[in-house]
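J.: Chain by chain, the residues run as shown.
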Amino acid sequence: MEVVLKNLTKKFPSRDRKNHEDVIAVNDFTFEIPDGKLIGLLGPSGCGKSTTLNLISGLLKPTSGKIFFGEDDVTDLPPENRGIGLVFQNYALYPHLTVKQNILFPLQNLKGKDKLSKQEMLEKAYAAAKLVQIDELMDRKPGELSGGQQQRVAIARALVKMPRVLLLDEPLSNLDARLRLQTREEIRRIQRETQITTIFVTHDQEEAMSISDMIVVMKEGVVQQIGKPQEVYDSPANLFVAKFLGTPPINVFDGQVRDNKLYIGEDAVLDIRDVADQQVYVGVRPEGFILQEDGPLCCSLNGVEVMGRDISVVSTNKAALNSTVRSIIGTENKVNTQEPQVRFVLKPSKVFIFSKETEERIDFEVS
Amino acid sequence: MIRKKMIGSGLKGWLYLLPAILFLGFFMIYPLIDVFIYSFEEAYNSASQTYMGVGLYNYSYVLHDPYFLQAVKNTFILVIITVPLSTGIALLISVGLSSIRPLRNLFQTVYFLPYVTNTLAVGLVFMILFKKTAYTDGLINLIINWFGGSSVDFIDGPYWAKMFVLCFYTIWVVLPFKILILTSALSSVNQDYYKAAKVDGTSKLRTFMRITLPMISPMIFYLIITGFIGAFKAYSDAVALFGTNLNAAEMNTIVGYVYDMLYGDSGGYPSYASAAAIILFAIVLTITCINLLISKKNVHY
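If you read the sequences in order, they're chains Z and S. Oh and the first sequence: position 305 is 295 in the working numbering, straight run, nothing missing. Each number in the working numbering corresponds to the 1-based position in the second sequence with 68 added.
It should be emphasised that the hints constitute simulated quantities derived from the structure, not laboratory data. Be careful, since some hints might not be right.
[Claimed, not checked] Some, not all, of what chain Z presents toward chain S, calculated at C-beta under 7 Å: (1) L49; (2) E70; (3) N99; (4) G102.
[To be verified] Listed next, the in silico DSS-like pairs over lysine-lysine satisfying Cα-Cα at most 30 Å (straight line): (5) Z:K101 x S:K365; (6) Z:K101 x S:K266; (7) S:K263 x Z:K151; (8) S:K364 x Z:K90; (9) Z:K151 x S:K272; (10) S:K272 x Z:K51; (11) S:K263 x Z:K105; (12) S:K272 x Z:K1; (13) Z:K56 x S:K263; (14) S:K272 x Z:K90; (15) S:K272 x Z:K103; (16) S:K263 x Z:K27; (17) Z:K209 x Z:K308; (18) Z:K90 x S:K266; (19) Z:K108 x S:K365; (20) S:K365 x Z:K27; (21) Z:K151 x S:K266; (22) S:K263 x Z:K101; (23) Z:K56 x S:K266; (24) S:K272 x Z:K131.
In this text, a Cβ means the ideal position worked out from N, Cα and C, and glycines have one as well.
Using the sequences and the accompanying hints, generate a full structural model.
T.: Written out as structure tokens, the structure reads:
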């Protein structure tokens, strides 16, 4: 079931007495979500991703714009008629009902020709429970389950009526770090098995990149970039997207393009073509630094952190916007910690140039 | 050394508790035991502190006294009518209040007003509404006449009319507190449950019965228990409506009977009063235990 969003906008009236402008939570969002894919809505707090999810679910009415499930215009339909399953951030499992009763609850609402017999309901409930691997715990109450188990019950309850679209609101935020890895794999597995179009919201970029088929990066209600995770990582559309994805985060420097060379501070780090002379932001991914004794980029060495599989060289540079510059290099390199300076050469694929005014990425070619 | 410290800290705890223990002991436990003993001592005279014999005579007298039986009947009718009705009406009003957005504060204030009124003052107002005097039939009777019925004297007239006024009055007085408790209980229910139910297409009735009620069941249970206990102790409401000679009005309650026995004519009969009081205690204890048993299955914490 494709989900098509057309110019979706949601404005909230301002409560501020002085400033009468509406708060634009979602600004002109247009996107066609292909059938059967897992989409991640990614962004910092307040960027409009949960609002978008609520608009798709029908719990909120859009100010303008349309939502289509396949061919059907569902913009004016209430949530129960859209055929969606929703998993809340805090699961919202009914605490006084057992797991089995929780999963049966949506089925018991079906009326008329859709009404199921008790036997059919139980079969569906057990099928959903088996899918999320919770079938051993059917008679427990939610209070007797761990966070991860509650999560799975919530997913089972959302899936039991075979929705057209599955929506998850920050599914992993309430779990501890160890469970997060496990549960996000579960979500991926369940989505692959059921082939239901799934949209989930998160502020954790690692989570979004690891399991999504496509990610949508949002900031203050505006979509910044949509694409496959690796593409968005390798070709960020603007400075915000570049900074948001990647751990450790990208290093940003003040730089300039002059005479077909890219300068960071006073160091000419790359020879490039087809870019006009201007002041720019330069972003270099941590893995884009190569230790080289006579390399063009010079930084003052702070220290070296051992990370096991790599080492992280922490240094400072006058042109850097952050207080430290982090680079990840392989353990075969030996860094002489006695030297105050350390020199790098940069991998061009890991270097991005952004316009100083618009913060959009500027394409360049290495000459 | 360690043992000394442990005893020391225990001792401090007992010292902190001492004032409360003394207070409770003197004013609750000692009188309770005393009343229990008096109820078995026949013709106990509090002035001379003498009694004639020990036995169940007091209980047998009280249980055969027509005034006591009338009081028990009145109290039970009051309890059975007012507790379910007041809790039910309070629930409906609370749900209604939480559903409306405009003027909600206004209505909440209006429904809470009876709580801040004085029992006897309200009794007077009710007398004006319901009582038939030489000058007027009372406001309610005027309305009944206007609809074509005949006047009923609610204060001095037939038993059912008096019972009706008493129940109406009692419900009216206890309603605000129950509405307050239930409104706060309703607003403490996490809204996500309702959203989840909405997404699953749950009807309003089903949402109420299967989600709202279980979520606020501890509060409802609290109101029912305290409602029962309070209703069994009814007295001032009856006095406010019918005056202090409740036996004449056939509107006595168990507490009224105890009071009459203690302070009534000829110095009082503390033995009978004690027996009646112990009987009341036993009734309330039984009802509360029954309530607790029922709650185990239906109340969800």
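J.: For every hint, state whether the structure bears it out.
T.: Do the hints match the structure? See the list:
Evaluation of the Z:L49 hint against chain S yields a held restraint, the C-beta minimum of about 6 Å falling below 7 Å. The restraint placing Z:E70 at the interface with chain S holds, with a minimum CB-CB distance near 3 Å, inside the 7 Å limit. The interface hint given for Z:N99 holds, since its Cβ lies 5 Å from the closest Cβ of chain S, which is under the 7 Å cut-off. The beta carbon of Z:G102 comes no nearer than 12 Å to any beta carbon in chain S, farther than 7 Å, and the hint placing it at the interface is violated.
Of the supplied pair hints, the one linking Z:K101 and S:K365 holds, its CA atoms being roughly 29 Å apart against a limit of 30 Å. As the CA atoms of Z:K101 and S:K266 are separated by approximately 15 Å, the hinted pair is consistent with the 30 Å bound. The hinted pair formed by S:K263 and Z:K151 meets the criterion: a straight-line CA distance of about 17 Å does not exceed 30 Å. For the suggested pair S:K364 and Z:K90, the alpha carbons sit about 21 Å apart, so the restraint of at most 30 Å is met.
As the CA atoms of Z:K151 and S:K272 are separated by approximately 20 Å, the hinted pair is consistent with the 30 Å bound. With a CA separation close to 20 Å, the supplied pair S:K272 and Z:K51 stays within the 30 Å bound. A distance of roughly 22 Å separates the Cα atoms of S:K263 and Z:K105; the hinted pair therefore holds under the 30 Å criterion. Of the supplied pair hints, the one linking S:K272 and Z:K1 holds, its CA atoms being roughly 28 Å apart against a limit of 30 Å.
A C-alpha spacing of about 22 Å is found between Z:K56 and S:K263, which places the hinted pair at or below 30 Å, so the restraint holds. Of the pairs offered as hints, the one joining S:K272 and Z:K90 holds, with about 22 Å between alpha carbons and a cut-off of 30 Å not exceeded. Straight-line distance between C-alpha atoms of S:K272 and Z:K103 comes to about 20 Å, which keeps the hinted pair within the 30 Å bound. Restraint check: the Cα-Cα separation between S:K263 and Z:K27 comes to about 25 Å, which is no more than 30 Å; the hinted pair holds.
For the given pair, Z:K209 sits about 29 Å from Z:K308 by alpha-carbon distance, which is consistent with the 30 Å threshold. For the hint linking Z:K90 to S:K266, the alpha-carbon distance of about 19 Å falls within 30 Å, and the restraint holds. A hinted pair counts as satisfied when its Cα atoms are at most 30 Å apart, and Z:K108 with S:K365 qualifies at roughly 24 Å. In summary, the hint linking S:K365 to Z:K27 is not supported, as the alpha carbons are separated by about 45 Å, beyond the 30 Å threshold.
A threshold of 30 Å between alpha carbons decides the hint, and for Z:K151 with S:K266 the separation of about 14 Å falls inside it, so the pair holds. Note on S:K263 and Z:K101: the hinted pairing holds, with a Cα-Cα distance of about 20 Å set against a maximum of 30 Å. Under the criterion of a C-alpha separation no larger than 30 Å, the hint pairing Z:K56 with S:K266 is consistent with the structure, at around 21 Å. Of the supplied pair hints, the one linking S:K272 and Z:K131 holds, its CA atoms being roughly 24 Å apart against a limit of 30 Å.
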